[in-house]
Amino acid sequence: MTQHSGDTIPVTLNLAALATAYEQARERFAYYSELAKNGDPVSILSARYLLLGWCEVWDLFNEVGLYVGDVDAVELPPLSEDGGE
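Take 11 as the starting number for the sequence shown in our numbering and just add one per residue.
Keep in mind the hints are simulated off the structure, nothing from the lab. Virtual Cβ for every residue (Gly too), placed ideally from N, Cα, C. It cannot be assumed that every hint is accurate.
Heads up, simulated SDA-like pairs for lysine to any residue below, C-alpha to C-alpha not over 20 Å straight-line [said to hold, decoys possible]:
hint, residue 1, residue 2
1, Lys47, Trp64
2, Lys47, Asp17
3, Lys47, Glu85
4, Lys47, Val84
5, Lys47, Thr30
6, Lys47, Glu73
Computed spacing ranges between beta-carbons, pair by pair [what the hints assert, rightly or not]:
hint, residue 1, residue 2, range
7, Cys65, Leu23, 17 to 25 Å
8, Ala83, Ala27, 37 to 45 Å
9, Asn24, Gly49, 35 to 43 Å
10, Leu76, Asn48, 22 to 30 Å
11, Asn24, Asn72, 19 to 27 Å
12, Tyr59, Asp17, 34 to 42 Å
Whole structure, please, built from the sequences with the hints as guidance.
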(Lines of atoms letter the chains of each structure in order from A and count residues from 1; the text may use other names and numbers.)
(Lines give C-alpha, C1' and ligand atoms only; values in the text may rest on other atoms or scores of the structure.)
Protein backbone atom coordinates (compact mmCIF):
# COMPACT_ATOMS: atom_id res chain seq x y z
CA MET A 1 0.00 0.00 0.00
CA THR A 2 1.31 3.44 -0.93
CA GLN A 3 1.45 6.09 1.75
CA HIS A 4 0.13 9.52 0.79
CA SER A 5 0.48 12.74 2.70
CA GLY A 6 -2.74 14.19 4.06
CA ASP A 7 -2.95 16.96 1.48
CA THR A 8 -2.79 14.94 -1.73
CA ILE A 9 -5.38 12.92 -3.58
CA PRO A 10 -4.25 10.21 -5.98
CA VAL A 11 -5.78 10.87 -9.40
CA THR A 12 -5.73 9.49 -12.91
CA LEU A 13 -5.97 12.26 -15.49
CA ASN A 14 -7.75 11.50 -18.74
CA LEU A 15 -6.58 14.23 -21.12
CA ALA A 16 -9.24 13.46 -23.73
CA ALA A 17 -11.99 13.82 -21.12
CA LEU A 18 -10.42 17.03 -19.82
CA ALA A 19 -10.26 18.46 -23.36
CA THR A 20 -13.91 17.57 -23.96
CA ALA A 21 -15.01 19.08 -20.65
CA TYR A 22 -13.01 22.25 -21.34
CA GLU A 23 -14.55 22.60 -24.81
CA GLN A 24 -18.05 22.15 -23.36
CA ALA A 25 -17.33 24.71 -20.63
CA ARG A 26 -16.13 27.26 -23.20
CA GLU A 27 -19.19 26.66 -25.39
CA ARG A 28 -21.57 27.05 -22.44
CA PHE A 29 -19.82 30.24 -21.34
CA ALA A 30 -20.09 31.72 -24.85
CA TYR A 31 -23.79 30.85 -24.90
CA TYR A 32 -24.22 32.35 -21.41
CA SER A 33 -22.59 35.59 -22.60
CA GLU A 34 -24.81 35.67 -25.69
CA LEU A 35 -27.97 35.15 -23.63
CA ALA A 36 -26.96 37.89 -21.19
CA LYS A 37 -26.45 40.33 -24.10
CA ASN A 38 -29.89 39.55 -25.57
CA GLY A 39 -31.54 41.14 -22.56
CA ASP A 40 -35.01 39.70 -23.06
CA PRO A 41 -36.59 38.01 -20.02
CA VAL A 42 -36.44 34.47 -21.43
CA SER A 43 -32.75 34.83 -22.33
CA ILE A 44 -31.92 36.33 -18.94
CA LEU A 45 -33.67 33.48 -17.15
CA SER A 46 -31.84 30.91 -19.29
CA ALA A 47 -28.53 32.66 -18.58
CA ARG A 48 -29.23 32.53 -14.85
CA TYR A 49 -29.82 28.77 -15.05
CA LEU A 50 -26.56 28.32 -16.96
CA LEU A 51 -24.78 30.39 -14.33
CA LEU A 52 -26.18 28.21 -11.55
CA GLY A 53 -25.13 25.00 -13.26
CA TRP A 54 -21.77 25.99 -14.72
CA CYS A 55 -20.28 28.78 -12.58
CA GLU A 56 -18.21 26.48 -10.36
CA VAL A 57 -16.96 24.54 -13.40
CA TRP A 58 -15.93 27.77 -15.14
CA ASP A 59 -14.18 28.99 -11.97
CA LEU A 60 -12.34 25.68 -11.60
CA PHE A 61 -11.01 25.77 -15.15
CA ASN A 62 -10.01 29.43 -14.75
CA GLU A 63 -8.15 28.67 -11.51
CA VAL A 64 -6.10 25.85 -13.02
CA GLY A 65 -5.05 28.04 -15.93
CA LEU A 66 -7.56 26.88 -18.56
CA TYR A 67 -9.33 30.18 -19.08
CA VAL A 68 -13.02 29.92 -19.92
CA GLY A 69 -14.24 33.45 -19.24
CA ASP A 70 -14.84 36.05 -16.56
CA VAL A 71 -18.32 35.58 -15.11
CA ASP A 72 -18.08 38.91 -13.27
CA ALA A 73 -17.40 40.77 -16.53
CA VAL A 74 -20.70 39.61 -18.07
CA GLU A 75 -23.48 41.98 -17.09
CA LEU A 76 -26.65 40.06 -16.47
CA PRO A 77 -29.64 42.43 -16.43
CA PRO A 78 -32.25 41.94 -13.72
CA LEU A 79 -35.35 39.95 -14.58
CA SER A 80 -38.52 41.90 -15.22
CA GLU A 81 -41.38 41.75 -12.74
CA ASP A 82 -43.10 38.94 -14.62
CA GLY A 83 -39.99 36.74 -14.59
CA GLY A 84 -40.16 36.11 -18.31
CA GLU A 85 -43.45 34.24 -18.19
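If you test the structure against every hint from before, which numbers come out violated?
2, 5, 6, 8
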